[in-house]
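Participant: Top to bottom, those sequences are chains A and B. Going by our numbering, the first sequence runs without a break in its numbering and finishes at 378. Going by our numbering, the second sequence runs without a break in its numbering and finishes at 378.
FYI, nobody ran anything at the bench for these hints, they're computed from the structure. A few of these clues could be false.
Treat identical chains as interchangeable: a pair holds within one or across any two.
[Unchecked claim] Cross-link-like lysine to aspartate or glutamate pairs, in silico, EDC-like; alpha carbons within 20 Å at most: (1) Lys371 / Glu317; (2) Lys341 / Glu58; (3) Lys371 / Asp309; (4) Lys341 / Glu317.
The structure presented is a predicted model; accordingly, all values stated were derived computationally and were not measured.
There are 2 protein chains.
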Amino acid sequence: MSRPITPVILSGGSGTRLWPMSRSSQPKQLLRLTSAETMLQLTALRSAGSDRFGPPIIVGNALHATEIQEQLEAVNATPSLLILEPVARNTAPAIALAALAALENDDDATLLVMPSDQVIEDVDAFRAAIEAALPVVEQGWLVTFGIKPTGPETGYGYILMGDPIESGVREVKQFVEKPDRKTAEQFLATGNYAWNGGIFLFRADSFLGALANQAPDIAIAVRKSIDAAGRRGRLLYPEPKSFAQSPSQSIDYAVMEKSESVAVIPVNMGWSDIGSWDALYELAAKDDFANAHHGEVISLDSNGCLIRSNGPVVAAVGVKDLIVIATGDAVLILPRGSSQDVKQIIDELKRREHRTL
Amino acid sequence: MSRPITPVILSGGSGTRLWPMSRSSQPKQLLRLTSAETMLQLTALRSAGSDRFGPPIIVGNALHATEIQEQLEAVNATPSLLILEPVARNTAPAIALAALAALENDDDATLLVMPSDQVIEDVDAFRAAIEAALPVVEQGWLVTFGIKPTGPETGYGYILMGDPIESGVREVKQFVEKPDRKTAEQFLATGNYAWNGGIFLFRADSFLGALANQAPDIAIAVRKSIDAAGRRGRLLYPEPKSFAQSPSQSIDYAVMEKSESVAVIPVNMGWSDIGSWDALYELAAKDDFANAHHGEVISLDSNGCLIRSNGPVVAAVGVKDLIVIATGDAVLILPRGSSQDVKQIIDELKRREHRTL
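If we strip away everything but chain A, and leave its shape as in the complex, we get (with noise of 0.2 Å):
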């Protein structure tokens, strides 16, 4: 196979639990968190500097539109279109999107589908799994990334793998919603559980076809918007109407969990969505006090703290085990190991239509 593969990446979330940093104007996949690259940049470099890949196709959202090319056209990566969603609808229309778009240009499309706010360490290992799993994908498989789990997470769904189908590639037994702390640990003593990372790797038209006959309300009114779509130079606009009446649903819901020929390659790249601050502090480089910090901090006698400002200068004498983040108008303190209370922060601001979400 020697076409190249089209990375699609998803940039339409706008999750808050990274809040007061991330928020709908500047959501998780446009910031700066693990490197001088944003989220976004991180992604579209892991399918850079290859003649394996095409330039990529990004679907977000229209408030981001600016941002995200310019993002994009700073490190190169410079996508062949910017499909821009009227609304969000969840992964599987977005992906639909993705595929029929592709098909304009190449009947053979392959996709990687990739979210836009992940971590991957390794990204050798994540290019030898992609090579590793396209004889299987060519034979119409859709296949997801299973990462090799390092702990009972209770927050992500699972994946129980089967038989192997061939160098790598096994087939899919069940996906699993989010599970309890006991039965995580479960699963990860029989070895035959992944994580389910969101990431993916299929013919378009096998997804299309796959779709079509799971969720044929999706298929049918992406297509309409498509058909109807406005287009100005690489950015595309779905038509608004048609696009809303999809159903919003995840590709997990929607596709994989009901479809027939779907395979997992299981893979350990040093994977994370850092869907927290906790997350982000494990990833952190530390200094000798186990703190890590970014942005103009001032710490004095502190450890195993996260402090980061993108702004403000941050001053912390004798704290222990905190996570401090501070923009130019908010800040949240919270000890290290509760990040996940920042969901009663946002109830809290979603309550007072908070100028800061």
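Place chain B on chain A using the hints.
Facilitator: Same frame as chain A, but now just chain B:
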């Protein structure tokens, strides 16, 4: 004695102990810390609304002239004179400026000298002490207010009180610099020591006479600077060159510790100089979880915290006994009980010549 007393409010300080709220452009006396009024306003109101007092003379920094005037006008405490020091020379020269200016209108002027950044919760007790001290003042004594100690504080100077003169006023036996804790405890045990709170009552001529005797360099320099002063309405600009030639000395050092006729009136009036964020926490109203919050604060499952913001929303979850002070350009975080460590932050900021000082 029926002539009104002239309040002299010293507003030249630029303390950094309440950084990041207090800074050179916005020192402590100009902040709202304990009520809807600023410390300067509270000070002016302490001697307002009574025939006993005339309008105040303010001695301050030209940098703050507009803010001082606006704050005082807002509480109907417009000063008769605002003396703008060209450079800071500590309290003895500042008070000398006010004394000379007061004598221009009233040969018998009596001055009530007050720092502009203190809390006095029991104003009635304060005014009663003034009444008690007036006969002694008329006899030429320099009277200082001796704050009844509430604990063995090591951050204040102490006054050893001697024999009674009349109606509660006692001779000063000795001024003692900030003692160590053990010494402070011994002082308290005797019952004969008071804190030196920096509030004074004396006739302008008595003070200037003592100054001429004990610190003639100051008296001469200040006299020259007043003789050549610029005037514009209620603003008085001492001539900079001569004023700068004055030694920089406190009234305690230059006059009170050396003069003969120095008396003290002990008073218990809920005094605090709010010398730290911990001191402010002690004074502040608290919720059921011992939190004292001010500004836009979202506090969930937190207790024992002082959280203040003058701009950003501060969201705290599950934290305990913390001080968090947030402005648009700086955030301070330290455990309660250690707010003297702000000094270390200030030292670091000075090294960086930081914009937030």
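Participant: Could you run down the list of hints and mark each one as holding or not?
Facilitator: Right, here's what the structure says about each hint:
no.	hint	in the structure
1	Lys371 / Glu317	between (29 Å within a copy, 15 Å between copies)
2	Lys341 / Glu58	neither (29 Å within a copy, 35 Å between copies)
3	Lys371 / Asp309	neither (39 Å within a copy, 25 Å between copies)
4	Lys341 / Glu317	within (18 Å within a copy, 25 Å between copies)
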